[in-house]
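J.: Chain by chain, the residues run as shown.
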Amino acid sequence: MNDLAYTVAFVIFAAITVGAAFGVVTKNNLVHSALLMALCFIGLGGLYVLLQADFLAAVQILVYNGAIAIVFVLGTMLTRRSTRHGTNETDENSPSAWIAALSGLFVAVTLGVIMHTPWRYSAAGPVQDTPDVLAQLILTDYMLMMEAAAVLLLAAMIGAIVLAKGVNAE
Amino acid sequence: MIGLAHFLAVAAIVFALGLYGVLTKRTIVGMLMGIELMLNAVNLNLVAFSRFITPEILTGQVFAIFTITVAAAEVAVGLALFFRVYRDRNTVHVARLNTMRW
Amino acid sequence: MFSQYALDHAWLIPLLPAAACMIIGVFLRRLPVLAATAAIGMSLLSFILAAGVAAGMFAQGITIEQPLVYKIPWLTLPGLAVDMGVYLDPLSVMMLVVVTLVALVVQLYSVGYMHGDEGFGRFFSYISLFAAAMLGLVIAVNFLQLFVFWELVGLCSYLLIGYYFHKISAREAAKKAFMTTRVGDFGLLIGILLLQFLFGTLDFQALPVQIPAYLVQHGSGLLTVVALLLFVGPIGKSGQFPLHVWLPDAMEGPTPVSALIHAATMVVAGVYLVARAFFLFSALPEAMAVIAWVGAFTACFAASIALTQRDIKRILAYSTISQLGYMMLALGVGSLTASMFHLLTHAFFKALLFLAAGAVLHGLPGKNDIFEMGGLRRKMPATFAAMVIGVLAISGIPPFAGFFSKDEILLAVFAVSKPLYAVAMVTAFMTTFYMARLLFVVFCGPEKSGQQAHEAPLSMKIPMAILGLLAIVGGYIPYTAGFGDWVRFGPAAHLAFDWKIAGSSTLLALAAIGLAWLIYGSGCNTAAVLARRSGLAYQLSYHKYYLDEAYLWLNHTLVDGFGKLLSWLELHVVEGILKGLAGLVGQLGNGLRKAQSGNLRVYGLVMFGAAMLMLLWLLFDPLLKGLLAGGGY
Amino acid sequence: MAGFPILTAILLTLVAGIVLLALLPRSANQAVKLMTAAVMSIALGLTLYVYKAYDAGVGGLQFVEQVPWIKELGVSYSLGVDGISLPLLLLTMLVGYASIFASWDVHERPKEFFIHLLLLIVGAVGTFISQDLFIFLLFYELGIVPSYLLVLGWGSEKRVSKEYAGMKLTIYLLLGSAFMLAGVVLLYLYALPEGLRSFNMAALAQAAGNVTEPVQIIAFFFLLLGFGSTLSMWPFYSWAPDGYAAAPTGVSMIHAGVLKKVGAYGLIRLGLLVLPAGVAFWAPFIALFAVANIVYAAFVAIAQQDLKYVVAYSSISHIGYILLGVAALNLISLDGAIANMVAHGLMSALFFAMIGLVEVKTKTRHIPDLGGLAHQLPRIAAGLMLAGMSSLGLPGLIGFVPEFTIFLGAFRTYPVYTLLAISGIVFTALYILRLLANVLFGPRKAEFDQCRDASGVEMVPLVVLGSVLVLFGVFPQWLMGMVNSGMEPAWAQLMQHLPAASALLGGVFQ
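Residue numbers (the working numbering), protein chains in the order written: chain P, 8 to 177; chain D, 44 to 145; chain H, 72 to 704; chain C, 6 to 515.
Treat the hints loosely; a few may be bogus.
Claimed, not checked - Under the rule of at most 30 Å between Cα atoms (straight-line distance), these lysine-lysine pairs were calculated in the DSBU-like manner: (1) Lys366(C) with Lys450(C); (2) Lys238(H) with Lys438(H); (3) Lys163(C) with Lys635(H); (4) Lys450(C) with Lys238(H); (5) Lys163(C) with Lys368(C); (6) Lys163(C) with Lys366(C); (7) Lys438(H) with Lys450(C); (8) Lys438(H) with Lys532(H); (9) Lys635(H) with Lys450(C); (10) Lys532(H) with Lys238(H); (11) Lys650(H) with Lys163(C); (12) Lys450(C) with Lys163(C); (13) Lys368(C) with Lys450(C); (14) Lys635(H) with Lys238(H); (15) Lys650(H) with Lys635(H); (16) Lys532(H) with Lys450(H); (17) Lys142(H) with Lys57(C); (18) Lys366(C) with Lys238(H); (19) Lys368(C) with Lys635(H); (20) Lys650(H) with Lys665(H); (21) Lys450(H) with Lys438(H); (22) Lys368(C) with Lys238(H); (23) Lys489(H) with Lys571(H).
Don't read these hints as lab results, they were simulated from the structure.
Okay, chain P solo, but in the shape it has when bound:
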C-alpha cells in the first residue's frame, strides 16, 4: 500500500469518525445520534484496519455496530414517544460553555503534548496473523482477566435483566 493511498484512507476515515462524533453530541434527535454513533464506529473500524488490527476492526464492527449501536436505537425506540424530536437536547442548565472550553483545552493540551513528544517508533513490522496471536495472549497471559470479563458480562446480563424486568415490591 503506498503512502498516498494510506493517507487518503486515513483522512477519509478520520473525517467520518470525527464528523460522526460531532453529530452524536450535537443532534437533537436521539435516533439520529444513535445512527451517527454507528457511523462513527465504522470509521473507527476503518482506522483499526489502517493500524493493521484487522481482528479488532472486525470485533469493533460486530460488537459496537452490531450490538451496542443497535441496542441504543432499539432502546430509544422502545420508549413511548410519538416524536423523536428533542429527545437528545443539550441541558440548558449545564455550564455548556465551560464544558466546551474545557474540552477544547483538553484537545489543545493533548495535541501539544503529542506534537512535542519525541516518539520512539519501533522498526519492527506488524504482526500479520493477529487473531492467532491475540488468542494466544488472551488464553495464556491474560487468562485471569478474561475470566473476570466473562464474570462481568454475566453479571451485567443478569443485572440488566433484573433491572429491566423489575423486582416485585415485596
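Take the given structure of chain P and dock chains D, H and C to it, following the hints.
T.: Okay, now just chains D, H and C, sitting in the frame of chain P:
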C-alpha cells in the same frame, strides 16, 4: 506520512467530543453515548500505540478487546437502568433525578 | 528471762492489738463477748510485754543515749531508704507502758459502758486498732514510720469520734477532727520531706549525729523553718492553738474513746513527736521559743474557754488542751523530763476524769449540761470519789500526781522565763477554778428534779479504782524513783525542789477552789450575776472566741465559694469554649455542604477540570519535563 | 517455661475469649458472664506468674518476643515487659478482672457489652506490653473505639447526654492520638537514617542522641498534646468528668484506672526516654499544668453534687501528682510517678466500682439524696472508705508511698510547685471526707431500708482491689522495688547516652 500523532489527534478530538456530550446531555442515553465515544477514543489510542511503539506485542489490542467487553456490559446495565428510571419516574432527564441531593 | 524475751519481741506490742482488730473485724463483729475478750486479752498481753520491756530496760540499763533498736528495711529506693522497727529507750518505754495500761483500763471500762450497743464488736475493733497505731507510733525508728502511724492514729480517731455515725454532730466532729489534723500533717509532711532532702535520712539515730555538723556548716535558718514545719503537725494533733478546734468536738465519740484520745493516745502523739525529735528542736532556740509560747498561749486560752462551758465533756476537753499546752510549754523551755512527767500523770488523772464523767453520763443518760445535774454525791459516791481525786490531781494539790509534774514544769519555766511563768500560774489558777466548778455544780448542791441517777456497774468502777490509785501515787512514786534519771534529754538535771514555787502554786490552787466554792458551791447563786457582769468577756469565752465560726466561714465561704466558682467556670466557660469549637466545625461543614449541589455536570466539570490542572502541572513540572526531554516513549 | 511466649499467651487468651463470646448465642446471658470471668481469670493468673517470675534483680526487658512484621518500615511484633510496664500490666489485669464483676448487672445485650469490654482490656494490655511503637499505637486506637460504643450503648445520662459525653471522649482521644501520631512519625523520621529506621522503642531510645533539640521539642510537644489529653492533663481534661459520669461502671473503672495511665506511660516511655531534650524544655510547663490539675480539679470536686463527678475530678486531681513526678525529672520522682499510676488506678477503680454499687442499690448518685448508707450497706461503705482513705493518701494504703516519693523527688526541682501540690492533700481530704460523711454517715434514711448490702459476685471488686490496696500499702517495696528495677537501668541509659542532657536534667539523684 501518517504517524502515531495523527491517530492520537483523532482520538483526542473524539474523546473531547465524548466528554462534552457526557457533561451536557439532558438524558441518560445521551450521556451513555458520550461515554461510548470516550471509550472508543481510548481504544484507538491503545491500538495506535500498540501498532507504532510495540508492533510485535499485541497487548494494546488485548486491552482494547477488554475495553469493548466492559463497554458492552456497561451499555447493557446503563440502558437497563434507563428503562427502569423511565418506567418509575416517566422521565429520563438527569436534572430531575435529584433525590440524593441534600 | 521474760524481760529479755519482751525486749526481743517488743514488735509484738503494737501487733497484738492490730491482730485483735483484724480478728474482730473479720470474724467476731456480731459476737460481743468474744470480741471484748479478744480485744482485752490482746491488750493485756501487750501490757505485760510492755511491762516486761520496762523491766528489761531497767535491768539492762538502756538509756536515752543507748537505745535498743531493731529494724528491717521497708522501702529501699535510690535516695530513700526507710526502715520499720522498734526503738526502745526510756522515753518510748514509758509511753508503751502508759498507752497499753490506759488502753487496757479503758477497754475494761468499755465492757460496761458500751454494754448492749449494737456496734459493740466494731467498737472494740476500732479501739484495738487505735491502740496499735499509737504503739506503732511510739516505737517508730524514723520520721516516716512515725508519720505512717501518726496518720493511722488520725484515721482511728476519725472512726471512733464518728462512732455514733447516725448523729449528724458526730459525723461532722469526726470530719472536723480528721480535717484539722490533716492541715497539721501538711506541715509535718513538708518538714519530713525537707529533712530527707537535707540529710538523706529520717532515722532517729542517724539524724542527731548529722544535725550539729549541719548547724555548724549552714547555720540554723533553714533548719528552724524545718523544725517549725514539723511542729505544725503536733499543733494539729495535740490541739494547740489555732488548730485545737477539733478536740472539743471530738467529745461526740463514746466517752471511753474520749478518755483514750485525751489521756494516752492521739493528742499526746504531738507532744511525743516533739520529745522524740528533741535533738532537733533543742538545737534551735527560735523554734523552742515558738513552741514555748504556743504552748503557754494554748494553755491559758483553753483554760479561759473552759471557765464558762456547760457541757461536762467539753470542760474536760478544754482542760486537756490546756494541759497539752503545759506539756508543750515544758518542752519549749527545754525540759523534756517535766513534759513527759506531766504526760504520764496527766494520762492517769485525765483518763480518770473522763471515766468518771462517763459514769455520770451513763447514770444520767441524755444529759450533758452540768447545770442540769446536781447533788449527785449521794447517788454516785464512787464516781464522786473518783472525780474528787481527779480534780485534786489536776489542780496540783499535794500529794496527788499532778502536783509533782506541775511543779516540775513550773520550776523549769521559772528558770527560763518570768513572763511564761506568770502565764503558767494564771493558767493553773483557772484550771483549778473550772475543775472545782465542775465538781461543785455536778455533785454538790440540791438534786435537780426528775433526776434518775444510778451508780455505775462494777465493770466501770474497777477501772476507775485503778486509775484513781494511779492518780494518787502516779506522781510521787516516779518522782522518788528517779523518773528524771531515765526520761531526759542530755544530762540528768534535777531541779531543786523550790518551796516558794510549790507553795505558791498550791496556795493558788486552794484559793481557786475556795473561789469556786463561793460562786458555785455555797448556794449563793452568784454565777448568773457574774456571767451578766462580765458581759463581753463571758460571751467571748462561752463562744470559744468565735474561732469555730471563723473556720466555718472560711470553709464555707472561701473554699466552697472558690469551688463553686471554678465549677461554674467549668460548666460555662470551658464547656462554652468547647461547644464553640464544635459549633465552628459544624458551621464549616454546613458551608462545605453547599458544594454538594447534586448537579452531576458540575461534579464532572470539577473532576475533569482538576484532572486538567494536574495534567498541566505535570507538563510544567521540571522533573517530568526532563523525563519527556530525555527520550520519552 | 523459658521461651514460652507468655505475653502473647495473655493477649491470645483475651482474644480467644472475644471469639468465644462472639460464638455464644445471644440469649446466653449467664454463660457470657461466666466465660468472660473465666478468660480474665486465666489472663490474670498468667500475669501474676509473670510478675512473680520477673527477675527484678536483673531488671530490664524480660519475656521478650520479637517477630518481624513490615520489614520495609521496621515494624515488628515485639513484646516485652520491664519494671515500668509490668506493674501497669498487673494493674490492667486487676482492674479488668474487677470490672467484669462490677458489670455483672448488665442485662441489656451482655454479649456485646463484654466483647467490647474485653476489647478495651486487650487495647490496654497491648499498649503496656508492646515494645514497638507501631504496635503500641495500634493497641492504643483499639482502646478508643469500644469505649465510644460502650458509653453510647450502656451509658447513663446526667449533666450531659451520653451521646454528648461519648462523642466528647472519643473526639478528645482521637484528636490526641492524631497529635501523638504526628509526634511519633517525627521521631521515627529523625531518630535513625533511612534504611535503618525502626519503630522499636529500645532502638529509638538508643538513638535518642541523633535527634536535634528543636525536633525533640516539637515532637515532644505533639506527644504531650496526645498523651496529655489521654491523661486528662490540664487543660485537656474536659472529656474525663462527663465521660466517666456517662460510662457504665466497668468502663469508668477501666478508663480511669487503666487507659488514663497509658498516657503517662507513653509520656515516660516515649517522651522521657527517647526525647530527653524535649522533656527538659517542656518540664516546667508540665509541672505548672500538674499543679493546675491538682489544685483546680480539687476545688471543682469540692463543689460537685454527683458522686461520679466528684471522683472524676478527684481522678484528674491525682493525675497532677503523676505529672509532677514526670516533670521533676529525677529517678525517685519517676519511680513515684509510675507507682502512683498503679496506686491511682486501683483506688479509682475501687471508687467507681463502689459508686456503681451504690447507684444500683439506691438508684441515685446525687449526694444530697444519699446519706447514712453505712447503716444499710456496711460492706459498700467499707469499700468507699478504703478507696477514699487511699485517695487522700493514708499511709498503710497504696497511695501514700508513691506520693511521698514524688514529693521528695519533685521538691528538688520545683520546691514551690511541690508545696502547692502538697497543699492539694488538704483539699483532697476536704472533699473526700465530705463525700464519705454525706453519703455514708448521718441518720438512717428509711428509703434505703430495702437496699440489700453487696454480696456474692458484687464483693469481688472490693475484695480484689481492696486487698491489693492494703497489700501494696503495707509492703510498698513489692511495688516500688519492681518499678525501680525498670526505671533505674532506663535512667542510667538515658544519662549515659546524653551526657549533655544529664547536666540539663540536674544529674542523677544521689
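J.: If a hint holds in the structure, say so; if it doesn't, say that too.
T.: Quick rundown of the hints versus the structure:
1. Proposed proximity of lysine 366(C) and lysine 450(C) is supported: the alpha carbons are some 13 Å apart, at most 30 Å.
2. Distance check on the hinted pair: lysine 238(H) and lysine 438(H) sit about 16 Å apart at the alpha-carbon level, within 30 Å; holds.
3. Note on lysine 163(C) and lysine 635(H): the hinted pairing holds, with a Cα-Cα distance of about 18 Å set against a maximum of 30 Å.
4. Distance restraint check for lysine 450(C) and lysine 238(H): the Cα-Cα separation of roughly 12 Å lies within the 30 Å cut-off, and the hinted pair is therefore satisfied.
5. At roughly 13 Å between alpha-carbon atoms, lysine 163(C) and lysine 368(C) fall within 30 Å of each other, so this suggested pair holds.
6. At roughly 18 Å between alpha-carbon atoms, lysine 163(C) and lysine 366(C) fall within 30 Å of each other, so this suggested pair holds.
7. For the hint pairing lysine 438(H) with lysine 450(C), the CA-to-CA distance comes to about 26 Å; that is within 30 Å, so the pair holds.
8. Annotation: proposed proximity of lysine 438(H) to lysine 532(H) holds, straight-line Cα distance about 20 Å (limit 30 Å).
9. For a cut-off of 30 Å, the pair hint linking lysine 635(H) to lysine 450(C) stands: about 28 Å separates their Cα positions.
10. Distance restraint check for lysine 532(H) and lysine 238(H): the Cα-Cα separation of roughly 28 Å lies within the 30 Å cut-off, and the hinted pair is therefore satisfied.
11. Between the alpha carbons of lysine 650(H) and lysine 163(C) the distance comes to roughly 18 Å, so the proposed pair stays at or under 30 Å and holds.
12. Proximity of lysine 450(C) to lysine 163(C) is assessed by CA-CA distance (about 24 Å); at most 30 Å being required, the pair is judged to hold.
13. For the hint pairing lysine 368(C) with lysine 450(C), the CA-to-CA distance comes to about 14 Å; that is within 30 Å, so the pair holds.
14. Pair hint lysine 635(H) plus lysine 238(H) holds up; C-alpha atoms about 27 Å apart against a cutoff of 30 Å.
15. Restraint check for lysine 650(H) and lysine 635(H): the C-alpha separation of about 21 Å stays at or below 30 Å, so the hint holds.
16. Between lysine 532(H) and lysine 450(H) the alpha-carbon distance is near 14 Å, which keeps this suggested pair within the 30 Å criterion.
17. With a C-alpha separation of about 26 Å, the suggested pairing of lysine 142(H) with lysine 57(C) holds against the 30 Å cut-off.
18. Of the supplied pair hints, the one linking lysine 366(C) and lysine 238(H) holds, its CA atoms being roughly 23 Å apart against a limit of 30 Å.
19. Using a Cα cut-off of 30 Å, the hinted pair lysine 368(C) and lysine 635(H) holds, with the two alpha carbons roughly 26 Å apart.
20. With a C-alpha separation of about 23 Å, the suggested pairing of lysine 650(H) with lysine 665(H) holds against the 30 Å cut-off.
21. Between lysine 450(H) and lysine 438(H) the CA atoms are separated by roughly 16 Å; this keeps the pair inside 30 Å, and the hint holds.
22. Taking the CA atoms of lysine 368(C) and lysine 238(H), the gap is near 24 Å; set against the 30 Å cutoff, the hint holds.
23. Among the hinted pairs, lysine 489(H) with lysine 571(H) is consistent with the structure: their alpha-carbon atoms are about 14 Å apart, no more than 30 Å.
Violated hints: none; the structure is consistent with every hint.
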